[in-house]
Amino acid sequence: MKIAVHQPQYLPWSGYFDKMDQVDVFVLLDDVQYKKNEWQNRNKIRNAESWQWITVPVIYEFGQLIKDIKIDNHGSWRSKHLKSIELNYSHAPFLEEHLPCFKETLSKEWELLADINIEFIHRIKEALGISTELCVSSSMNIQTASTERLVDICKGLKADTYLAGAGGAEYMDVDLFKKNGIGLEFQNYTHPKYPQAYKGFQPNMAVIDLLFCRGKESLDIIREGRGK
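In terms of my numbering, the sequence shown is residues 9 to 236.
Calculated directly from the structure, the hints in this document are not laboratory data. Relax, there's no trap hidden among the hints.
Taking lysine-lysine and the PhoX-like style, the derived pairs with C-alpha atoms no more than 25 Å apart in a straight line are:
1) K166 / K187
2) K75 / K111
3) K116 / K52
4) K133 / K224
5) K88 / K75
6) K52 / K224
7) K224 / K111
8) K78 / K91
9) K133 / K43
10) K186 / K166
11) K78 / K111
12) K75 / K44
13) K78 / K43
14) K133 / K116
15) K224 / K91
16) K91 / K111
17) K44 / K116
18) K10 / K163
19) K91 / K207
20) K187 / K10
21) K186 / K163
22) K91 / K133
23) K75 / K43
24) K116 / K75
25) K201 / K133
26) K166 / K133
27) K44 / K88
28) K52 / K207
29) K91 / K116
30) K201 / K52
31) K163 / K187
32) K75 / K133
33) K111 / K88
34) K43 / K88
35) K116 / K78
Predicted model, so just to flag it, every value in this text is computed and none were measured.
Make a model of the complete structure from these sequences and hints.
Here it is, written out as structure tokens:
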């Protein structure tokens, strides 16, 4: 069995789902420290000029785990996100097909950031047609840290292969996988180009950009970036 592990991000990019598509189980790492100004509470969508951020406001204290981060619901961020999607993708050919999912999800008043992230990841996975099983790390009660945590997650799921991100060798103890009889692979992904809602291709958008623009072709396009 091959697994991968990644923090639950907000509307992740295509490379996130490429990694998911390559494994049997994809573990959503929600019990590690939240990192400010990264991808856990924001992502990028296209607009007529280039791109823009859509950000979930959070109530954050240093050292908190991702699963404990609360959303700041005092403003109207959910309606703003939906309006930004509808406005900027109004000419995207598959917007109407997938918009109900976003309307439904953003109609709920979420308390925790991890919960909305995981809900969107589940729904996008299904829309793309990825069959990989999802697992949340906090349900596994792993107490170790760093590479040892990843190894213990592999052991807990009886995985014999771990798929790491492209830069994983820079921060992991790669020998620890070998010592525990676990194969180690690294994702090799180059963002594929596809027709977007506006001229001038912008890479690394939230995967919804691809889904709205290419519909059922989206997973095949994601796979085109593999191994290049």
